[in-house]
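Asker: Here's the letter readout for the chains.
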Amino acid sequence: MAGNTAGPRNAVIVGGNRIPFARANGPYAQASNQDMLIAALDGLVARFGLSGEAVGEVAAGAVLKHSRDFNLTRESVLGCQLSSSTPAYDVQQACGTGLEAAILVANKIALGQIDSGIAGGVDSASDAPIAVSDGLRHTLLAANRAKTPLDRLKALSGLRPGHLVPEIPRNVEPRTGMSMGEHQAVTTSQWQVSRESQDELAAASHHNLASAYDRGFFDDLLTPYLGVTRDQNLRPDTSVDKLARLTPVFGKGQDATMTAGNCTPLTDGASVVLLASPQWAAERRLPALARFVDAETAAVDYVHGDEGLLMAPAYAVPRLLARNGLSLQDFDYYEIHEAFASTVLVTLAAWQSEKFCRDRLGLDAPLGSIDRSRLNVNGSSLAAGHPFAATGGRIVASLAKQLSERGSGRGLISICAAGGQGVVAILEAI
Amino acid sequence: MRDRYSDLVRSGPGKTLATMFGLPRPARLRRYVVGEPLLVGPAIVKGVAGAPLLPEIQRILTSAAVDVIAADVMTAEADSPQAGSGSGSGSGSGSRLGAVVIDVSAARAVDDLESLRAVLAPSLRRLDACARIVLVGTPPESLADPAAAATQRALEGIVRSVAKELRDGATANLIYAGQGSGPALESPLRFLLSARSAYVDGQVVRVASGEVTPPADWARPFVGQVVVVTGAARGIGASIVEVFARDGARVICLDVPAAGEALAAVANRIGGTALQLDITAADAGQRIAAHVAQRHGGRLDVLVHNAGITRDKLLVNTDVDRWSSVLGVNLGAQLRMNEVLLDPSLKDGLGGITDGGRIVSVSSTSGIAGNRGQANYAASKAGVIGMVQALAAQVADRGITVNAVAPGFIETEMTAKIPLATREIGRRVNSLGQGGQPVDVGETIAWLAQSASAGLTGQVVRVCGQSWLGA
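Line by line, the protein sequences give chains A and B.
Per our numbering, residue 1 is the first one in the first sequence, and the count goes up by one each step.
Per our numbering, residue 1 is the first one in the second sequence, and the count goes up by one each step.
In isolation and in its complexed conformation, chain B is listed as follows (with noise of 0.2 angstroms):
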């Protein structure tokens, strides 16, 4: 739906007014338009104490066709930290940049975060609108050493701070990159460097080596693959299909029958097929590997888990129905069906889930910060945590990885019922001050389902604009 207050204070009078009474203008958000560059702008690349993971950025970016203009390694005596050197493409120093990354890896010592600050703080004057910053750190948890993960760990605060700090719709995030992620880098880096994680920002997500092949085309990753998208009907998973619709995939577009009608023109909407199947169906899995294994080719390569239904009341007026029906549908059934498509007797040529496979579930922040009147809702979705994290373990020796997105105040049918003020309240809480599209949950979605996120998996990316609501 439409958020009017946007709209009034972006131009004319309504802007004039907004800034005479210092009320918050949200930014116009940069999003990912196919043959559009990665950056608006170019990017300055720098290390601090070592930064091993240097060269391997700077490939990445290069290989982006990001301008890097200023690419070196900062030491903590270092005190000038504008003077660009390396790569500069004769951009001058003074130019709006799109992107500031920092591998801070190596920062082992409080000491190391000085550098960091030298060379962050004066990058901040310079942010375009829709800037990236990205972090690159290591797990504070592979750290034995106190002093050393207590210096990664700052990293997450530094982040989270200068996320809140950031204006004109710009977004800071942290990567913590594991022992020989190499590789595995490219994806979560140039995900949220693009315009796709437009709303995605605050977040740490952790990235392990993995198997990693990179795809022919980064704008067409999902060339030849099957994709099963429940709940596509309307609403963010009409908007997770066309995603990943426009970036080759071949998609199976699931939702009860009784939504049909609106079903089948998602579906030819996009080019893909409908399926009417009810989930909590006890062989609604069987169901659906028969109907990959008939109508394509038997191997399915992503399996996203979005169909989902709210019952909210206060949990002291919460009957057995409103209880049992949200838990079936957003937890019992993606487990249930987990079960029977990750059956490796099924992977091959069955439509089950294929070794390399990807399963991506909705959980939402409610389930990560509880929300009044939504135990039920919460339960289910903090469940789909739960499963995800336990089940990543479960299935890695084959390749498969099953990670989460918790979606914040997203503008959709669902959000629009929600009263105008608490509506208002949940648009406004975050540090993008809007509510988010449904395309920046599809769009996250498919980032983590790609075959080159294979070092990504048990994580939770939420896609909040760095709500308030539950750190």
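Chain A on its own, in the form it takes in the complex (with noise of 0.2 angstroms):
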């Protein structure tokens, strides 16, 4: 039973599903997100056993979601496999939803809250909400109110042509009415990222998530979707010299060094983490494959500010190591979300810049640099693809998974969100 008499209790990862990542309008153009959640939770049942059974609660979400599912999770747990009397929840904290969820999950198990949880994320890119203008919804809506057929007329009479062209949800941030990847580049071009250096990190993960396939190390991290076996941007055959030869799409003259290539598509996906109790995991002869040891996030003014729009996970992870007592070296595996190859390159460049520490960090010394052949050693979301609200659960079940593996070691999770915010995570082998 939960209680929380004693201090916070362990928090551990027993496992995770995803079905494999589509690029949008592709092989999953006709699933929706609750079809692709379901597909995840049931495949995450089916690997532990669960069907029938009930976990504390499914803490997940999408990004880009639809008005009709403002109640996903739970619609989705009662669609799939786990007993109905699984309570479930929404998050929303864009590209961080998934680690988000995960986040909320661990609190409440480390707090005794619940024993057992889900953390997920899902994301369409494909079958994306399209709503109706602004003006043709005011119009139906006072029409609605009217009470006499003439106010109606009076209130329908107000229609113009204009305001049957369709909203169409489109990558931009609200406030700056820039895309993600114009944000980036301005970042990019910042901090001087050569075109080079981004091609050879997109090289780096498309080969070590080909890698981690032919080991066979996602058989039983991912369960096939819709004739789907593997994520469908993965091309294992990729090189620096093939990527050298797109042209940019983000980014002006000199600075004009983002990619298709180096860059994530657009994405469809859902993945699902279960976390438990040490206990709880015991006693069902669950594997426990990683603590979730702490999280922090951040968010930074990019609007106001002179800040970059995805640089909110460089402040969030010396404020998380400080309060760990953990140095940036401290990790065996480094998970820093690929939304593009530059956003991981600049994130590393701040740690190891003097001037960014001070001036934005506040510390006294750079946190330095990393090993880079840590960083995102089973490939990440350049080669896997990035359904937005999935890449978190991705990420914390394959780096649980690999600190299992290794059997002892600590890792480190960064992951940059829309609305300049970070969310970051420490995950310690057992």
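It should be emphasised that the hints constitute simulated quantities derived from the structure, not laboratory data.
C-beta atoms are modelled at their ideal positions from N, C-alpha and C, and glycine is treated no differently.
Misleading hints may appear alongside valid ones.
As the list claims (entries may be wrong) - Short, incomplete list of chain A residues facing chain B, as computed with Cβ under 7 angstroms:
hint: 1; residue: GLY43
hint: 2; residue: ARG47
hint: 3; residue: SER51
hint: 4; residue: SER67
hint: 5; residue: LEU78
hint: 6; residue: ALA142
hint: 7; residue: ALA146
hint: 8; residue: ASP219
hint: 9; residue: TYR225
hint: 10; residue: THR229
hint: 11; residue: GLN279
hint: 12; residue: GLU283
hint: 13; residue: ARG285
To be verified - Sample of chain B residues lacking proximity to chain A, with all beta carbon distances greater than 12 angstroms (derived):
hint: 14; residue: ASP3
hint: 15; residue: GLY50
hint: 16; residue: ARG108
hint: 17; residue: ASP128
hint: 18; residue: GLU211
hint: 19; residue: GLY224
hint: 20; residue: GLY260
hint: 21; residue: GLU261
hint: 22; residue: ALA293
hint: 23; residue: LEU314
hint: 24; residue: GLU413
hint: 25; residue: GLY426
Unchecked claim - Here are a few chain A residues that face chain B, going by a calculated C-beta distance under 8 angstroms:
hint: 26; residue: VAL45
hint: 27; residue: GLY49
hint: 28; residue: PRO287
hint: 29; residue: GLN329
hint: 30; residue: ASP330
hint: 31; residue: ASP332
Dock the two chains into a complex; use the hints.
Answerer: This is the structure in structure tokens:
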């Protein structure tokens, strides 16, 4: 039974499941967020024998969400093989959603409020919500409020042809009107990140992901969906040379370094992670892959200030390290989400910059560099793709398994998110 | 898949037409439903020439709540086989029979076979639909006297012919009971009488004495046991895991990672767990053991080798890939996994097969009879038979049994892809005039995997409706 008489207890990652990620408007074009989240949950249920069982809660979410999906996660639980008595709620923190959901579940477990829980996320860039224009919406709502047929007619007479143009979701920051890529191009330029270094990172991501598949690493992390058995975006045979041939899509002139090869594509997919108290896992003879140690979020002012949109993790990590008495070099694995190759490179550069660490982070000394061979060892978003809310679950489960295979050590997760936010966390082998 | 011909001729105008033109009308086979009695009608139990196993057979039938209306020993002089006597429950001698069980194990002379004819022949007229004929004999190879061996071997000819003569879904099978097999007889006898053996017809099984622990509940013999089934995502494999789960097992459903979506659905439906694993991986056995050790208490009770692939081509056109992939999956992987999982050092808590455990492999009638365009597949499935026979002897001292089932034409997604004419022939060329269902294979495997089947090892049981192919 859960109880909070003692201090916080450990929350462990039991395992995870995701469906292969697919490029938008590809094989999952007809699948809804709910379809994909259910598929991910059912694969997890099958892996851990939870059919008909209840867990403490399911926390998950989507970034691109239809208004009808106001209760997406609970509806997905009702549609999956878990017991219907499993409570669920939606979480949304842009690309940080999946990791934030894991933090919420881990915290409740640590506090003894629940003994087990599933965190996850899903996104479909294919089955995106299309909304009616504000003009049409206001007119229809006014007509609905009208008490007499005449008033209703009057309200409807306000309709204009332009109102019929639907509002299609755009990949832009509402307050700047700039796309994430355009924002990142500014940051890339500020930090003078070379095209070559970005292509190198992208090639490594593909090669690492491919070799992880080849050694069966994903055999118990992934369940095929709609005939897709591997991440569709994966190009095992790509190379720096091949990537160098692509035309830049973001940035201007000399600084036009960001291509379709070193930026993540729009992706569809879902992922879930099972967390539990060590006791709950042991009672069911389920594995405990890693301990969920701690997490931190940060946000930066990219609207009025001069910080880059995706720089928040650079701020969150030092706070997390300080709280845990760790240095940046105290990790065996680094999982830095590859929204863009340059996001990873700028983040690493910032931690090495005396000026940035002093002026922005208020540190006496820079955090320093990391051993790049420990970075995204099983590939990351550039190769796997990035269904926004599903990335956190992908990383948490993969890192936990990697730590479990190693048998010791510590891993750092860093995920940047729209709105100038960043979510970071530490996992530790058991 | 649906057998539309059978649907058509079972009712309405189709039935009339089929009767008019003398077309075959395949019976609707009775299949096991939890809670239903072993037999639909009463059984007569007879003995020929001494019949030393008769008391044991009667005990078994009584414990299985079978209504035994006649039980006695016939002699060569007896001329009135219909005369019922013994533990009749009041059912008249004219009622339809659910089963006829005859102990012929003491028959040693050709004349004894006349007693058998005298009791068997008239009872055939009284059989109910889906009735069961079971003869119990003595293994001919255990008899030195040529006349005795001939008499016992003759039973095989009788059973195989009677099975072809029977109608309405009735089956005939033979059990050769070895010296001292007494209690070990219960498992094969119950199975062959039950609806679980719906598509097992004209078969011979050999039961030896074995350390038999009857289950607390014959309907749930796998309670507390851990069962691994390979190739569980679809077809026959999905049926196998359903049967094991229904009968109380904790089932680990294993299939290649690429089949994971279907595998998860199967595992969730039966309340088991899914294990995505390529059995041809060098460390497949170790990974299964590690999984059983970590997740299921470290003791593997039953291993079912069901995973198999086909890459059909005439041998003249078969390249190395088609050859080696089929042999690799269907045979090589089994041999490698067995070696690891039978390692005695893994048996206690480390995920290996426990003492008294079971291995059941899926062979095929193609492996017995051969099949045009399937040299690779037939090689693998015949190889399985060789493996089972050799391995059975090797692990007998640990109380582990190793058996195979050889399915004939089973209605699956795989057979649905066979061209119509070939498929229709495949379906009809057997004594039951229809294809079997995947569950028929599952039931047979589960029977061989029971603790109570300790007396059965090194056997190949065909689930083929007595197919005309390959004896």
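Asker: Work down the list of hints and note, for each, if the structure agrees.
Answerer: Evaluation of the provided hints:
{"no.": "1", "hint": "GLY43", "result": "holds, 5 angstroms"}
{"no.": "2", "hint": "ARG47", "result": "holds, 6 angstroms"}
{"no.": "3", "hint": "SER51", "result": "holds, 4 angstroms"}
{"no.": "4", "hint": "SER67", "result": "violated, 29 angstroms"}
{"no.": "5", "hint": "LEU78", "result": "violated, 15 angstroms"}
{"no.": "6", "hint": "ALA142", "result": "violated, 48 angstroms"}
{"no.": "7", "hint": "ALA146", "result": "violated, 50 angstroms"}
{"no.": "8", "hint": "ASP219", "result": "holds, 5 angstroms"}
{"no.": "9", "hint": "TYR225", "result": "holds, 6 angstroms"}
{"no.": "10", "hint": "THR229", "result": "holds, 4 angstroms"}
{"no.": "11", "hint": "GLN279", "result": "violated, 16 angstroms"}
{"no.": "12", "hint": "GLU283", "result": "violated, 13 angstroms"}
{"no.": "13", "hint": "ARG285", "result": "holds, 5 angstroms"}
{"no.": "14", "hint": "ASP3", "result": "holds, 28 angstroms"}
{"no.": "15", "hint": "GLY50", "result": "holds, 53 angstroms"}
{"no.": "16", "hint": "ARG108", "result": "holds, 55 angstroms"}
{"no.": "17", "hint": "ASP128", "result": "holds, 39 angstroms"}
{"no.": "18", "hint": "GLU211", "result": "holds, 29 angstroms"}
{"no.": "19", "hint": "GLY224", "result": "holds, 14 angstroms"}
{"no.": "20", "hint": "GLY260", "result": "violated, 4 angstroms"}
{"no.": "21", "hint": "GLU261", "result": "violated, 5 angstroms"}
{"no.": "22", "hint": "ALA293", "result": "violated, 10 angstroms"}
{"no.": "23", "hint": "LEU314", "result": "holds, 30 angstroms"}
{"no.": "24", "hint": "GLU413", "result": "holds, 15 angstroms"}
{"no.": "25", "hint": "GLY426", "result": "holds, 29 angstroms"}
{"no.": "26", "hint": "VAL45", "result": "holds, 6 angstroms"}
{"no.": "27", "hint": "GLY49", "result": "holds, 4 angstroms"}
{"no.": "28", "hint": "PRO287", "result": "holds, 6 angstroms"}
{"no.": "29", "hint": "GLN329", "result": "violated, 33 angstroms"}
{"no.": "30", "hint": "ASP330", "result": "violated, 29 angstroms"}
{"no.": "31", "hint": "ASP332", "result": "violated, 23 angstroms"}
Consistency note: the structure conflicts with the earlier hints numbered 4, 5, 6, 7, 11, 12, 20, 21, 22, 29, 30, 31.
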